[in-house]
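Single-letter residue listing:
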Amino acid sequence: MTPSWEPVLVIKDLTKIYGGGCPRCLEVTGPEFETNICGYCGGVVACGGVSFELYPGEVLGIVGESGSGKSTVVRLLNFDYEATGGEIYFHNGHAAHNQSFELPQAEENLLTLNSFQKRQLRHACLGMVYQNPHLGLRMAVSSGGNIAERLIMAGCRHISGMRDRSAQLLGKTEIPLQRLDEPPRNFSGGMRQRVQIAKALSNNPVILFLDEVTTGLDLSVQARVLDLIRNLQSEFHPAVIVVSHDLGVIRLLTSRTMVMRYGRVVESGLTDQILEDPQHPYTQLLVSSQL
Amino acid sequence: MLAIEQLSKTFHIHILGRKVIQALENISLQVGTGEFWGISGPSGVGKSTLLKCIYRTYLSTGGRIWFNSRRWGRIDLAQAAHQVILEVRRTEIGYVPQFLQVLPRVSALDIVAEPLLLKNGLSQGEARKIAAGFLERLRIPGNLFEAYPVTFSGGEQQRLNLARAVIWKPRLLLLDEPTASLDRQTIAVVVEILQELKAQGTTLIGIFHNDDLLSSSIDRVYPLHREN
Numbered sequence: 001m002t003p004s005w006e007p008v009l010v011i012k013d014l015t016k017i018y019g020g021g022c023p024r025c026l027e028v029t030g031p032e033f034e035t036n037i038c039g040y041c042g043g044v045v046a047c048g049g050v051s052f053e054l055y056p057g058e059v060l061g062i063v064g065e066s067g068s069g070k071s072t073v074v075r076l077l078n079f080d081y082e083a084t085g086g087e088i089y090f091h092n093g094h095a096a097h098n099q100s101f102e103l104p105q106a107e108e109n110l111l112t113l114n115s116f117q118k119r120q121l122r123h124a125c126l127g128m129v130y131q132n133p134h135l136g137l138r139m140a141v142s143s144g145g146n147i148a149e150r151l152i153m154a155g156c157r158h159i160s161g162m163r164d165r166s167a168q169l170l171g172k173t174e175i176p177l178q179r180l181d182e183p184p185r186n187f188s189g190g191m192r193q194r195v196q197i198a199k200a201l202s203n204n205p206v207i208l209f210l211d212e213v214t215t216g217l218d219l220s221v222q223a224r225v226l227d228l229i230r231n232l233q234s235e236f237h238p239a240v241i242v243v244s245h246d247l248g249v250i251r252l253l254t255s256r257t258m259v260m261r262y263g264r265v266v267e268s269g270l271t272d273q274i275l276e277d278p279q280h281p282y283t284q285l286l287v288s289s290q291l
Numbered sequence: 001m002l003a004i005e006q007l008s009k010t011f012h013i014h015i016l017g018r019k020v021i022q023a024l025e026n027i028s029l030q031v032g033t034g035e036f037w038g039i040s041g042p043s044g045v046g047k048s049t050l051l052k053c054i055y056r057t058y059l060s061t062g063g064r065i066w067f068n069s070r071r072w073g074r075i076d077l078a079q080a081a082h083q084v085i086l087e088v089r090r091t092e093i094g095y096v097p098q099f100l101q102v103l104p105r106v107s108a109l110d111i112v113a114e115p116l117l118l119k120n121g122l123s124q125g126e127a128r129k130i131a132a133g134f135l136e137r138l139r140i141p142g143n144l145f146e147a148y149p150v151t152f153s154g155g156e157q158q159r160l161n162l163a164r165a166v167i168w169k170p171r172l173l174l175l176d177e178p179t180a181s182l183d184r185q186t187i188a189v190v191v192e193i194l195q196e197l198k199a200q201g202t203t204l205i206g207i208f209h210n211d212d213l214l215s216s217s218i219d220r221v222y223p224l225h226r227e228n
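Residue numbers (this note's numbering), protein chains in the order written: chain A, 1 to 291; chain B, 1 to 228.
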């Protein structure tokens, strides 16, 4: 039984190894060896053999302890890092509208694109919100300017149009419009995170990556950011990958979840099933450690 | 509507040294369209486990759960692909959990109205109006509609849970003790709402402890008991 819709992203054996790198790296690392450092060459397997599919409009969670490779996966998908191996395929019937360039073919492995093509795809179809706003924003450039930069990258050339769009997005993310011209360095952590979300949404991404977006925010701001993400998701329907070590965030936002440890996916399933009937020993430990 | 064949569920708890707990064994039952079933049995016998297996919150260890889906026809809920389960949950099967788990800082009214927006495609105004009607019927005081449910009493949270699941009129509704902490008057309202839902064609499977009030509306009872 296959559903009648196509995944928007198909990921096969995605692998990232830092340093070293020998044929045995993947054989001697992972949860069963309780390490991600290769004993032969000293390479660090940040993620190895990660395969999954992402469906249009769904929210997928990735959980795991720090260092388990969850951020690495989304950063590889956002082309922030160069993958060591694997395949990524992008099937997209919806994003074909008003693109100023040709989208890669469905059978084309995105990892083989050149850096210009990767950048084009990122600006046209992807959105990323980092845990650290310094990675996603230019702190000294106005908030409106931060969003405009991305709009220009996505092909927009109309100054007042960009300003209107920035104002609209900041409105959606509850940033007071009077502060449109202020740089994010003047803002609190929660506000910076919301400017990042506005920026990530500015190109109407088909896929949105949220990397620990609420980590380090106080509880009331966290609730507000979560509520915002939920609303924006139901309004714009991007496919979303939520990376978090907070099981509460995963439970409230996602419908499917993957659990990672030592760079590998140890379990994946429907979020309520993962949280209530975990199968893997590590997931059982994780779930039973929740406050 | 639903045919369960030799369902079993075993929990392997690794952190307790691979402790094995046999929760369900060889459960078979056939639920016809539009029927109202009650599951009875002592605490810990696996009543919730059975509902959670049907909803796929629990992975069944063995057996099949055939469901006549409107979109795909006969599917096995124990095996179907995740995307199929999610779609069936979105459009056909509702579940009333024992406890309310929702996003913080969303008002009671919006929580109840949400399924109408997402599943039935109503506008915000219409959805909120219908939601308000339900909350009123369930005797939630009007001044709590805009409040956050974290601050609600156990019984009020339970009624929100029920309202949220009933409001979008699923084809199959699973109820995990929806009346556990309600007073008799409110239970009577809940029974009335469930009967209306049944009259509109919804199939219901529920766990109830107050048999006296519900026995009038339940068609059949499936007794669970420990086998050993």
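Treat the hints with care, as some may be off.
[As the list claims (entries may be wrong)] Chain A stretches covered by chain B per the calculated footprint, using a threshold of three residues with CB under 8 Å from any CB of chain B:
id	segment
1	227-234
2	244-257
3	261-272
4	281-289
[Stated by the list, open to error] As a list, the in silico DSS-like pairs of lysine-lysine whose alpha-carbon atoms are at most 30 Å apart:
id	chain 1	residue 1	chain 2	residue 2
5	B	K119	B	K198
6	A	K172	B	K119
7	A	K172	B	K198
8	B	K169	B	K119
9	B	K129	B	K119
10	B	K129	B	K169
[To be verified] Partial list, derived from the structure: chain B residues whose beta carbon lies under 7 Å from chain A:
id	residue
11	G17
12	L59
13	T61
14	Q98
15	F99
16	L100
17	S107
18	I111
In case anyone wonders, no lab produced these hints; they're calculated from the structure. Positions of the beta carbon are idealized from the N, C-alpha and C atoms, including for glycine.
Hints versus structure:
no.	hint	in the structure
1	227-234	holds (count 3)
2	244-257	holds (count 4)
3	261-272	holds (count 3)
4	281-289	holds (count 4)
5	B:K119 to B:K198	19 Å, holds
6	A:K172 to B:K119	23 Å, holds
7	A:K172 to B:K198	41 Å, violated
8	B:K169 to B:K119	10 Å, holds
9	B:K129 to B:K119	16 Å, holds
10	B:K129 to B:K169	16 Å, holds
11	G17	11 Å, violated
12	L59	6 Å, holds
13	T61	10 Å, violated
14	Q98	12 Å, violated
15	F99	12 Å, violated
16	L100	12 Å, violated
17	S107	11 Å, violated
18	I111	12 Å, violated
Comparing the model with each earlier hint shows violations of hints 7, 11, 13, 14, 15, 16, 17, 18; every other hint is respected.
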